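Listed here are the chains, written in short residue letters.
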Amino acid sequence: MSESAQVLDFVNARLARNGPVRDTSLDLMSARIIDSMAMLELVVWIEQTFGVRVQNDDLSAANFRSVDTMAAYIRRSMAAQSAR
Amino acid sequence: MTLDAALAASARRWPDRPAVSTQSGALSFAELDARSGALAARLRQAGVAPGDRVAVWTDHAPETAVALWAAWKAAAIAVPVNGTLGPAARAEFLADCEPAASLLCGRFTDLDLAGVIRHPPERVVRLEPRSAELDAGGQAAAGATAAPVPGPAPLARDGDVAAIVYTSGSTGAPKGVALSHRNLASVVAAVIEHVPVGADDSYLMLVPMHYVHGLMQLLVHVTAGATVHFAGDFLFPRDVVALLAERRIVEVSGTPWHVDLLVERGDLLSAELPALRRLGVVGGRLAPERIAQLVRERPALEIHVAYGQTECAPRATALDPARLARKPDSVGAPIPGVKVHVLDEQGRAVTRGRTGEVVIEGPNVMVGYWRRLQDTERAVDGLGRLHTGDLGWFDEEGDLHLAGRVDDLIKSAGERIAPQEIERALRAVPGIRECVVVGATDPSLGQRIEAHVVLEREAGAGAGAGAGAGAGGSEGHRGAGDGAADTAAILARIRSHCARELPLQRMPRAVHLWPALPRLANGKIDKPRLAAGPG
Numbered sequence: 034m035s036e037s038a039q040v041l042d043f044v045n046a047r048l049a050r051n052g053p054v055r056d057t058s059l060d061l062m063s064a065r066i067i068d069s070m071a072m073l074e075l076v077v078w079i080e081q082t083f084g085v086r087v088q089n090d091d092l093s094a095a096n097f098r099s100v101d102t103m104a105a106y107i108r109r110s111m112a113a114q115s116a117r
Numbered sequence: 069m070t071l072d073a074a075l076a077a078s079a080r081r082w083p084d085r086p087a088v089s090t091q092s093g094a095l096s097f098a099e100l101d102a103r104s105g106a107l108a109a110r111l112r113q114a115g116v117a118p119g120d121r122v123a124v125w126t127d128h129a130p131e132t133a134v135a136l137w138a139a140w141k142a143a144a145i146a147v148p149v150n151g152t153l154g155p156a157a158r159a160e161f162l163a164d165c166e167p168a169a170s171l172l173c174g175r176f177t178d179l180d181l182a183g184v185i186r187h188p189p190e191r192v193v194r195l196e197p198r199s200a201e202l203d204a205g206g207q208a209a210a211g212a213t214a215a216p217v218p219g220p221a222p223l224a225r226d227g228d229v230a231a232i233v234y235t236s237g238s239t240g241a242p243k244g245v246a247l248s249h250r251n252l253a254s255v256v257a258a259v260i261e262h263v264p265v266g267a268d269d270s271y272l273m274l275v276p277m278h279y280v281h282g283l284m285q286l287l288v289h290v291t292a293g294a295t296v297h298f299a300g301d302f303l304f305p306r307d308v309v310a311l312l313a314e315r316r317i318v319e320v321s322g323t324p325w326h327v328d329l330l331v332e333r334g335d336l337l338s339a340e341l342p343a344l345r346r347l348g349v350v351g352g353r354l355a356p357e358r359i360a361q362l363v364r365e366r367p368a369l370e371i372h373v374a375y376g377q378t379e380c381a382p383r384a385t386a387l388d389p390a391r392l393a394r395k396p397d398s399v400g401a402p403i404p405g406v407k408v409h410v411l412d413e414q415g416r417a418v419t420r421g422r423t424g425e426v427v428i429e430g431p432n433v434m435v436g437y438w439r440r441l442q443d444t445e446r447a448v449d450g451l452g453r454l455h456t457g458d459l460g461w462f463d464e465e466g467d468l469h470l471a472g473r474v475d476d477l478i479k480s481a482g483e484r485i486a487p488q489e490i491e492r493a494l495r496a497v498p499g500i501r502e503c504v505v506v507g508a509t510d511p512s513l514g515q516r517i518e519a520h521v522v523l524e525r526e527a528g529a530g531a532g533a534g535a536g537a538g539a540g541g542s543e544g545h546r547g548a549g550d551g552a553a554d555t556a557a558i559l560a561r562i563r564s565h566c567a568r569e570l571p572l573q574r575m576p577r578a579v580h581l582w583p584a585l586p587r588l589a590n591g592k593i594d595k596p597r598l599a600a601g602p603g
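Residue numbers (my numbering), protein chains in the order written: chain A, 34 to 117; chain B, 69 to 603.
Since the hints were derived computationally from the structure, they do not count as laboratory data.
Any given hint might turn out to be false.
[Stated by the list, open to error] Short, incomplete list of chain A residues facing chain B, as computed with Cβ under 8 Å:
no., residue
1, 68
2, 69
3, 72
4, 74
5, 81
6, 93
Predicted model only: the values in this text are computed from it and were never measured.
Beta carbons are placed, not taken as given, at the ideal position from N, Cα and C, and that holds for glycine.
Starting from the given sequences, assemble the full structure and let the hints guide the process.
In structure tokens form, the structure reads like this:
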């Protein structure tokens, strides 16, 4: 399963309140799906599922706005980690 | 003093100082006073009467303050509500408090309340920042074309209910806590005195505005002539720390969860923050290691630990920051004007040092639960004292120490056991990051002691990743076998440690491992989800 599909599954299983999210480019913050508690849950889940460490600098809207941006961030982090 | 009078006094004394601000702008005290006055006039024109409930769909925006004071200036009752409530919870809330008007703030201005509210649609006001709606309200109040405002402005009295704050209890349906102007104003005066808060201060609001702590901090700083800056959603801790620097914030407060995030994810301790003087901690206990770290690395930062409940508006005690390093487990002494008793099961005062139920007496004790007489009679006794359901004891300096909830005492094999005692033992096991101990229903014991544990990154996933790298390039992808071996080792360590430290009947019968403990939006442990297990 792709990173994007896994993130989408997690968002729909744990965070989405008013019906499932289908659009992976949806701004999850404007849609009020991600609050601060949900954000932390996401970070812990990403670190455990993909074996990457989310640096404090990376914890930003640019990386966490949508399923797409999270998937891209996860792929970049995994690539950087295996290159080390 | 009533809350509307408090704002009027600040507006007279400091008209041009910023009262409430965000990144996109600020309202001065005079503007906050004028705008809330205009909105109050508009509400009265639309038929809102004294004592009516006004639902304030709060957000982290200055408009929330405008909406609250509009309700108070109309002698109505402000009901702060969480805009992210689901449809069922929203319906439950509306049926319980029956608002006569709905004021929508910040991101919630676009909420569709059609078919949900029972009051006339013209009493829905969407408060956009610098909104035409609001300015129109102001003009209408002053203009000749609009319907005249009925009669002279009503005045709330000290004993009138000012706000209904819904408590997000760990169990049961939410209850509305009715707080009077006197309840809130007495706590505000006590906080300004004991902290103390001055007119040059600035406060960063992190907690949601529908929580009583957020409401109290807004009232404290507006009454003191200080500025409240709204941080927004608190999604990214680094952004919050950047705000602390940029806005030269003097005080910030939150739950231990907020503090942990600011330190661990926001790099609070290495940031350059010359203005920051106070860190307030409410709604839970900061880990002793965290306190030691803060004291060591930020010696000039005063850490203000306080205790209370929504039902006491919401403060009862506060710890002198100078004593924190010496007694990290204490929540301090009663605030000015408040008495705190520790009573046994028969309602008698226990001797100092003994544990009993914490009972609060003073002008801060709530009027009652909204339309729940039986619940009110259970919580507030004939002497007007609030029975908190918290267990605690006083030390020789008169500082209170909490010892769990009356309801949380585990009754196992006829013995009453404080879960905190077992949690303390577990925290000493290397590799445990967080733990909570609860009583699970057990057919023979009554309750069975169970521990819910979160492991340190290094002890769990991290150790597995290291072992995987040695086995051939699978770094970052924890092998199932390695993870299981680590887990077994930790569980064995927990067992042997508990066997050494605890009497046999106090040993946890089961240890559940969680990636993170399930929490409610307010940072408290979600007990029902905990009981359902890590899944």
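Hint check results:
1. 68: holds, 7 Å
2. 69: Holds, because the Cβ-Cβ distance from residue 69 (chain A) to chain B comes to roughly 4 Å (cut-off 8 Å).
3. 72: holds, 5 Å
4. 74: With a closest approach of 7 Å, the residue 74 (chain A) hint holds.
5. 81: holds, 6 Å
6. 93: holds, 6 Å
In summary, the structure agrees with every hint in the numbered list given earlier.
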